[in-house]
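Chemist: Listed below, chain by chain, are the residues.
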Amino acid sequence: MAQPRTLFDKIWDSHVIAPAGEGTYLLYIDLHLCHEVTTPQAFEGLKLAGRKVRRPDATIAVADHNIPTSNRKAGIDEPESKLQVDTLERNVVEFGVPYIPIDSINQGIVHIIGPEMGLSQPGMTIVCGDSHTATHGALGALAFGIGTSEVEHVLATQTLIQAHAKNMLVEVNGTLGAGVSPKDVILAIIGKIGTAGGTGHVIEYGGSTFRSMSMEGRMTVCNMAIESGARAGLVAPDEITFEYVKGRSYAPKGAAWEQALAYWKTLPSDPGAHFDKKTSLDAGQIAPHITWGTNPEQTAPITSRVPDPAEIDDPLKRAAVERALQYMQLTPKTPLTEIPVQRVFIGSCTNSRIEDLRAAAAIARGRRVAEGVRAMVVPGSGLVKHQAEEEGLDRVFLEAGFEWREPGCSNCMSMNPDRAMNGERIASTSNRNFEGRQGPGAKTHLMGPAMAAAAAVTGRLADVRQLG
Amino acid sequence: MEKFTQLTGVAAPMPAINIDTDKIFPAIHLRTIKRTGLSKHLFEEIRFRPDGSENPDFVLNQGPYRQTRIIVAGDNFGCGSSREHAPWALTDFGIRCVIAPSFADIFYNNCFKNGLLPIALPQAEVDKLMDDAKKGANAVLTIDLDKQTISRPDGEIVHFDIDPFRKQCMLNGLDDIGLTEQKAADISTYEAKARTQRPWVFGMTEKAGA
Ligand code: SF4
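Those protein sequence lines, which keep their order, are chains A and B.
Just so you know, we're using our numbering here: the first sequence kicks off at 1 and counts up by one.
Just so you know, we're using our numbering here: the second sequence kicks off at 1 and counts up by one.
If you're looking for bench data, these hints aren't it; they were derived computationally from the structure.
Keep in mind it's a predicted model, so treat the numbers as computed, not measured.
Keep in mind that a hint or two might mislead.
Think about it this way: if two alpha-carbon atoms lie no more than 20 Å apart in a straight line, the pair counts; the simulated PhoX-like pairs of lysine-lysine are [stated by the list, open to error]:
id, chain 1, residue 1, chain 2, residue 2
1, B, LYS34, A, LYS82
2, A, LYS317, B, LYS128
3, B, LYS34, A, LYS47
4, B, LYS167, B, LYS147
Examples of chain A residues lying across from chain B (beta carbon under 10 Å, computed) [as the list claims (entries may be wrong)]:
id, residue
5, ALA20
6, ALA163
7, THR294
8, PRO307
9, ASP308
10, ALA310
11, ILE312
12, GLN438
Cβ atoms here follow ideal geometry from the backbone N, Cα and C, with glycine treated the same way.
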């Protein structure tokens, strides 16, 4: 009998072209997503070497990081941002790469639109010059971020030279409590295994909690696989996956659908497949989480307090916590729910899908954004925006005093006008709380969309369960 | 790519753990279409004060460390984003080698494409090299990629592991794309087979852009 294999092993095996040297392999790439930030130098490299894009039909580009999220008609104000987007638009024409223009309803954050358009499918290898490519792993695809030299390599050859990662299983079983979201699950996982807990591994998220989780929730979880250092995150494809993919613009249709479905069903890990590392959590024990520090492992349940460095033995860890608290301007032992915020950001490739917006709107409905707080809601794509408006969510937000914006990366990262200024404290549904990421001196607290809405209406970090 | 064979110099101590790519190269400066001249933003938020003057407390602003070509760092160096701007900024500053107990995967890969040698060593070995680094100009390290050794100022030799394929590419300054192009026939064979096995993933993006 054949050796039992994991989902990752199966996708890997079916994409290896040849060994590339000791321990490394030439791997075939099915889909290459491109955005404006990490591709200019890659296209320039191709140009200098006189190379072409090998498979434009497996490549797609969109601008998301630099674009303004209001008054789009006025174009891009900031000259550096404009140059980057113009460069992408020139390159896609020169190299014949399909491009989603900024005024298309399909435009959005690259990791939102791949699954949404049906481009990201089970069993594929998907890459992008962006670490949050792991998002697409929610569909049971092997999806990972690459650097710009690798972008150039994929454009030229449709392949990558890769070392085989190890397998890791993160199992969560049981039912999530009321008010507990997929974001809380992933924050709890990263809090447990740390920012390097998955380094060198591809993580498969297994267990009953993920089996009953929606595709959107799975995407939130896989999006942050990289924050635990993992090369990629995966959830085995199942009926929920197939139901999600079916009928989307680029999904296979008719006989091709049947053929694809039969193949996809062979992908889940075999019973007894070997994982090099395993860990598990009990869903019932997970409370709504936030981050208090400057990396995503510095998380805590909202019911707890700011940690006290004096209680940490490891000197390097203690120094890191001290530095984080200094940057975040937090006093040890302060209850987390007493921390005021000046800004709220609901968006990013982690939490800007329709379900996220529904969860935030449920808290915003009939309430008001607190005095002195600026709160923005930024849908992940034109399609999400359209759907939310059909459901009247835009009005819920606007009536509550939130801003309703155009799709893009927005305040997730300080590359467009939505960046925070003056070191504001932000309740954010994004994925990184690194120093300065959301703007100079910005103090980020990561959390789920309902929690961020709760922070907006109370003006401080809040336990969404108290708002009912 | 620039070859890497041997390197001798003062190493800068950066003992913090989880030095992320936003710290190495702030997000706001990713709005560039170039890969050169990026060292002016290297470690910007800690290297410079808000008024633009140098922060004297930051190691790369101090004496012999201004010319350093080696960094000795804490665990999980380069975590965070996939931005190759991080290694581009480091090499533009003159850094050719980073030594740490561990590296984030994407950063580690990116280093090899840019002639920047990442050396992962057990914590105890890094601790010794960190002590050397703290001695500034009095402690020079010599790194020999071919022999896979670091010579400490007291004469001790520390061995390091490295993937043989990557080592060869680095020693010879080989371009990955050129190497892969030599396997064009294998790629075409694979592609033809995949087209029959998984036809639905071919031609996918062609109708995009509508
Ligand atoms: S939303 Fe944030 S994390 Fe996601 S792709 Fe954009 S900048 Fe990166």
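Chemist: Against each hint, give a clear statement of whether it holds in the structure.
Modeler: Going down the list of hints, with the structure as the test:
1. B:LYS34 x A:LYS82: This hinted pair holds, its Cα atoms lying about 14 Å apart.
2. A:LYS317 x B:LYS128: The given pair, whose Cα atoms are some 19 Å apart, holds under the 20 Å limit.
3. B:LYS34 x A:LYS47: Holds, at about 14 Å.
4. B:LYS167 x B:LYS147: Answer holds: LYS167 (chain B) to LYS147 (chain B) is near 10 Å, not above 20 Å.
5. ALA20: 6 Å, holds
6. ALA163: Where the cut-off is 10 Å and the nearest Cβ of chain B is about 7 Å from ALA163 (chain A), the hint holds.
7. THR294: Result: holds, 9 Å to nearest chain B Cβ.
8. PRO307: 16 Å, violated
9. ASP308: For ASP308 (chain A), the interface hint is violated, since the closest Cβ of chain B sits about 19 Å away, which is over 10 Å.
10. ALA310: 19 Å, violated
11. ILE312: 13 Å, violated
12. GLN438: 9 Å, holds
Checked against the numbered hints above, the structure violates hints 8, 9, 10, 11; every other hint is satisfied.
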